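**Q** Protein sequences, first through last, are from chains A and B.
The first sequence maps to residues 12 to 435 in our numbering.
The second sequence maps to residues 12 to 435 in our numbering.
The hints are simulated quantities; they were obtained by calculation from the structure and are not laboratory data.
Keep in mind the model is a prediction, meaning the values are calculated, not measured.
Hints are not guaranteed to be accurate.
A pair holds if it fits inside one copy or across any two, identical chains being indistinguishable in the list.
Calculated cross-link-like contacts (lysine-lysine; reagent style DSS-like; alpha-carbon spacing at most 25 Å) [unchecked claim]:
id	residue 1	residue 2
1	Lys399	Lys119
2	Lys424	Lys81
3	Lys181	Lys399
4	Lys114	Lys369
5	Lys277	Lys82
6	Lys399	Lys114
7	Lys81	Lys39
There are 2 protein chains.
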Amino acid sequence: MSTPYDAMWEKLNLDLDAHAGLLQVLGKFYGDIYLSQSGRLKGMEYLDFVLSEVHGLRIKELQDAKARGKKVIGTFCVFVPEELVLAAGGIQVGLCAGAEAGKDAAEKVLPRNTCALIKSFVGFKLSRLCPFIESCDLVVGETTCDGKKKAYEIFSDHAPVYVMEIPQMKNSCDRELWRAEVLRFKDRVEQVTGNSVTAPKLREAIRLVNDRRRVLQRLNRLRAASPVPISGRDVLLINQIGFYDDPVRFTENIEKLCDEIEGRVKAGEGVVSGETPRLMLSGCPMAVPNWKLPYIVESSGAVIVGEESCIGTRNIRDLVDESGESMDELLNAIIDRYMRIDCACFTPNTERMDNIVKMARDLNVNGVIHYGLSFCQPYAIEAFKVEKALKAASIPMLSIETDYSMEDVEQLKTRVEAFVEMIY
Amino acid sequence: MSTPYDAMWEKLNLDLDAHAGLLQVLGKFYGDIYLSQSGRLKGMEYLDFVLSEVHGLRIKELQDAKARGKKVIGTFCVFVPEELVLAAGGIQVGLCAGAEAGKDAAEKVLPRNTCALIKSFVGFKLSRLCPFIESCDLVVGETTCDGKKKAYEIFSDHAPVYVMEIPQMKNSCDRELWRAEVLRFKDRVEQVTGNSVTAPKLREAIRLVNDRRRVLQRLNRLRAASPVPISGRDVLLINQIGFYDDPVRFTENIEKLCDEIEGRVKAGEGVVSGETPRLMLSGCPMAVPNWKLPYIVESSGAVIVGEESCIGTRNIRDLVDESGESMDELLNAIIDRYMRIDCACFTPNTERMDNIVKMARDLNVNGVIHYGLSFCQPYAIEAFKVEKALKAASIPMLSIETDYSMEDVEQLKTRVEAFVEMIY
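Assemble the whole structure, with the sequences as input and the hints as a guide.
**A** Given below as structure tokens:
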């Protein structure tokens with residue numbers, strides 16, 4: 012089936028047939044998991060539209076911007092300070108990493124025992140399936156885990172990769188290292204975009220990214236109501252789209268959606284009854300279109316009320332201090348904010364345990380599902396500590412390890428159902 | 012069977028029955044793999060003795076030293092600067108991490124998808140099988156890989172763990188971080204031992220550790236001869252024992268062994284004929300008693316002439332500059348030397364590719380076997396780059412991934428034999 016974007020995709024050197032197949036599967040998947048929901052908010056139409064056009068209109072926007080001289084910078088991680096990219100007049104986008112497409116190609120250049128997310132972004136590139144990667148003037152990796160750190164070395168044979176080093180502890184020497192890395196990134200962004208990051212522009216960018224964080228914080232506060240006014244699936248999608256869409260447009264639309272949710276909460280209306288078991292997800296990020304576990308959970312008689320994840324609270328909990336005036340103050344505010352991220356790449360990472368327990372209590376959950384991607388060692392090992400912390404707080408936890416395949420769906424459903432039954 | 016060390020082991024809270032079982036298996040294993048070799052060098056008797064007494068006399072020495080006020084510091088990694096420990100009057104020892112004993116216990120606190128080396132040290136501790144760990148006043152971990160970095164958090168519930176942060180790149184900010192970490196370690200060692208590290212003591216310690224490196228360099232030069240004068244198994248054992256025995260005694264004994272080897276080389280004598288295919292091992296460390304792959308290789312008609320590994324050349328290639336006088340000069344020499352380590356924890360790590368190719372050429376090998384421990388992501392991913400570098404140099408490579416179990420021995424033997432046949 013031809014689309015208005017075929018010429019653009021061809022120019023981007025996508026594998027048109029394989030890409031069409033991917034979009035078809037994605038559309039079907041989205042219909043089953045998202046559009047089938049009843050009592051959905053009207054404001055979700057914006058998300059449905061963005062998702063349906065994520066490889067179409069959004070890519071056209073990027074290409075048009077590029078034609079006007081803008082640069083596109085792709086990322087895989089919440090450690091990359093978008094504020095600097097925006098201040099330099101660039102566009103930052105998350106890159107495709109949530110589907111199995113391209114797995115075979117990836118396994119030719121990477122060990123099979125590599126996590127699905129890594130195999131996905133490498134596979135998408137090698138199979139020519141991701142118009143975002145093809146639109147990028149720079150792809151920014153980071154050293155958050157062994158898998159990504161080493162995979163970027165392989166990936167750099169195929170894409171213009173730049174890697175930021177993330178410290179592994181939070182001592183003063185780590186803050187110094189991170190400061191050096193943020194400055195090195197700023198230089199590179201300035202070089203790629205051809206624009207200088209000035210204090211006024213950086214202040215504006217900080218406010219803009221904070222605005223997006225603020226609206227997602229508002230969303231999380233609203234959804235905490237009982238009965239739950241929005242499905243966990245929908246909130247995950249919102250968090251996912253936040254990495255792809257224009258930040259100003261995104262914030263405006265989610266603000267409107269929040270107004271709608273606020274009305275629902277006031278009216279005491281929910282997507283499920285107030286008796287539905289409330290669960291929180293914690294662990295590895297779920298990149299588009301990785302909706303497997305949320306769908307399983309919400310088809311098992313429970314509702315998700317929080318995502319302790321990079322595509323969730325880890326990305327939005329902390330704001331950058333906006334009070335700075337000088338370049339140095341603004342940069343320090345950015346450096347400090349990103350150093351607060353409670354990623355499992357840090358040792359120790361006790362803040363995360365504290366944050367999980369606090370979140371579970373604040374959200375009044377009946378249990379937590381810890382989600383690990385197979386072969387993601389940082390989160391797999393930390394899951395043992397999370398379980399311990401939650402046990403001490405008398406909050407039940409189910410630990411799930413899976414990948415992007417659909418083979419284990421029935422098995423996972425059985426485990427989730429048993430967990431829901433046990434805790435409620 | 013009772014031994015003269017039972018009381019000591021009991022005092023160290025070892026599980027005496029399980030420990031006796033372990034020693035029995037180890038003894039049998041050692042007999043089969045080591046003592047069965049023909050044409051062995053007389054100087055290997057020192058190694059046979061040390062190995063036979065590794066949990067006995069050596070532990071007694073440590074206990075006696077402790078009674079005299081000395082402190083014992085255990086490590087798992089070549090990044091921990093032994094020079095500082097020796098200069099502070101401490102004793103540094105490698106810790107048990109090469110056997111499957113304790114695996115079940117380890118898998119209760121760590122994911123099964125964790126590399127065998129990590130499960131081994133955690134398992135040895137939890138199963139009370141390692142008298143070295145029990146003798147330690149401090150156990151020093153490091154952040155070289157995700158598995159170890161996060162496992163130390165779990166391990167610290169059971170042992171007095173201190174973790175050094177290892178940088179992931181080699182830029183100037185990384186050198187600064189490493190400098191801060193070396194100084195922090197020095198402070199901690201001084202605190203634990205109660206002794207100050209002075210410039211004269213540090214100079215002496217640098218010389219002492221360099222001496223051990225020098226004699227192992229000499230050994231590697233000598234074994235490069237054809238016919239090969241010493242088995243690869245024996246050289247691996249020597250490298251392993253280097254982490255356990257007193258450095259002065261070790262160096263003296265290996266010097267004598269080298270004299271003996273020199274005689275053999277001059278006489279044109281080898282442990283195998285000059286026609287035997289020469290192989291090099293590259294990749295993950297092989298901790299005592301992990302002799303599985305070398306035994307398989309040397310039972311398959313080939314001989315090992317080099318180990319590109321932490322328990323091999325990575326530990327001894329670079330010396331610390333001995334010309335410094337002041338504390339600052341000496342510390343800088345240490346910092347620089349350890350920053351040169353070509354561990355897969357660095358990105359990129361092109362030095363390692365260069366070093367492997369150079370080593371393979373210098374040793375005139377017929378092929379390289381890349382050895383990866385299952386779930387060791389840094390070396391698994393780097394293996395793809397090693398293969399590429401070797402291919403460009405027209406050197407065949409076989410990539411092996413295994414753990415400490417004996418289940419795959421026959422399968423590995425088939426693969427190694429096929430490789431040997433192919434390259435020769």
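**Q** Work down the list of hints and note, for each, if the structure agrees.
**A** Hints, one by one, checked against the model:
{"no.": "1", "hint": "Lys399 - Lys119", "in the structure": "between (38 Å within a copy, 13 Å between copies)"}
{"no.": "2", "hint": "Lys424 - Lys81", "in the structure": "neither (45 Å within a copy, 57 Å between copies)"}
{"no.": "3", "hint": "Lys181 - Lys399", "in the structure": "within (23 Å within a copy, 37 Å between copies)"}
{"no.": "4", "hint": "Lys114 - Lys369", "in the structure": "neither (37 Å within a copy, 34 Å between copies)"}
{"no.": "5", "hint": "Lys277 - Lys82", "in the structure": "neither (44 Å within a copy, 66 Å between copies)"}
{"no.": "6", "hint": "Lys399 - Lys114", "in the structure": "between (34 Å within a copy, 21 Å between copies)"}
{"no.": "7", "hint": "Lys81 - Lys39", "in the structure": "neither (34 Å within a copy, 69 Å between copies)"}
This entry does not satisfy hints 2, 4, 5 and 7, going by the numbered hints stated previously.
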